[in-house]
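The number in the working numbering is simply the position in the sequence shown, starting from 1, with 18 added.
It should be emphasised that the hints constitute simulated quantities derived from the structure, not laboratory data. Since we're looking at a predicted model, the values are computed, not measured. There could be a bad hint or two in this list.
Ranges of calculated distance between the beta carbons of each label pair, as one might list FRET restraints [as the list claims (entries may be wrong)]:
1. Ser101 - Val52: 16 to 24 Å
2. Arg90 - Leu59: 44 to 52 Å
3. Gly97 - Ile65: 17 to 25 Å
4. Ser101 - Leu72: 20 to 28 Å
5. Ile76 - Gln51: 17 to 25 Å
6. Leu48 - Leu102: 35 to 43 Å
7. Thr54 - Leu80: 27 to 35 Å
8. Gly28 - Asn91: 34 to 42 Å
9. Thr96 - Leu48: 38 to 46 Å
10. Asn91 - Met63: 28 to 36 Å
11. Lys30 - Leu59: 19 to 27 Å
12. Ala32 - Thr54: 43 to 51 Å
13. Asn91 - Pro62: 41 to 49 Å
14. Thr96 - Gly56: 38 to 46 Å
By construction, the Cβ of each residue, glycine as well, lies at the ideal position given by its N, Cα and C atoms.
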Amino acid sequence: MEKLTFLGIGPKIARITIPYLAIAIVLTILFPQVFTFGKVLREPMLIAGIIFLLTAVICYFLTLRLMIPGLRNNRLVTGGMYSL
19 MEKLTFLGIG PKIARITIPY LAIAIVLTIL FPQVFTFGKV LREPMLIAGI
69 IFLLTAVICY FLTLRLMIPG LRNNRLVTGG MYSL
């Protein structure tokens, strides 16, 4: 069995998604009027973004506690947050 790494499948996914990210950044720079929410939605979207970010950080630290022992033992973690 191949040794598990901390990055997992991330590098393979990045090779697929980074070109789309680059296209999105270029289009946002070229056409900012298409990709903005306007003054009315700016604050609600900021609040929603902060809530999503905080939720993601909490989930990250919960899964990190499970992932580190799994990497040390070279076993796939399927419990806790990973069971979802």
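Each hint, compared with the structure:
no. : hint                       : in the structure
1   : Ser101 - Val52: 16 to 24 Å : violated, 40 Å
2   : Arg90 - Leu59: 44 to 52 Å  : holds, 46 Å
3   : Gly97 - Ile65: 17 to 25 Å  : violated, 33 Å
4   : Ser101 - Leu72: 20 to 28 Å : holds, 22 Å
5   : Ile76 - Gln51: 17 to 25 Å  : violated, 35 Å
6   : Leu48 - Leu102: 35 to 43 Å : holds, 39 Å
7   : Thr54 - Leu80: 27 to 35 Å  : holds, 34 Å
8   : Gly28 - Asn91: 34 to 42 Å  : violated, 20 Å
9   : Thr96 - Leu48: 38 to 46 Å  : holds, 44 Å
10  : Asn91 - Met63: 28 to 36 Å  : violated, 42 Å
11  : Lys30 - Leu59: 19 to 27 Å  : violated, 35 Å
12  : Ala32 - Thr54: 43 to 51 Å  : violated, 27 Å
13  : Asn91 - Pro62: 41 to 49 Å  : holds, 45 Å
14  : Thr96 - Gly56: 38 to 46 Å  : holds, 44 Å
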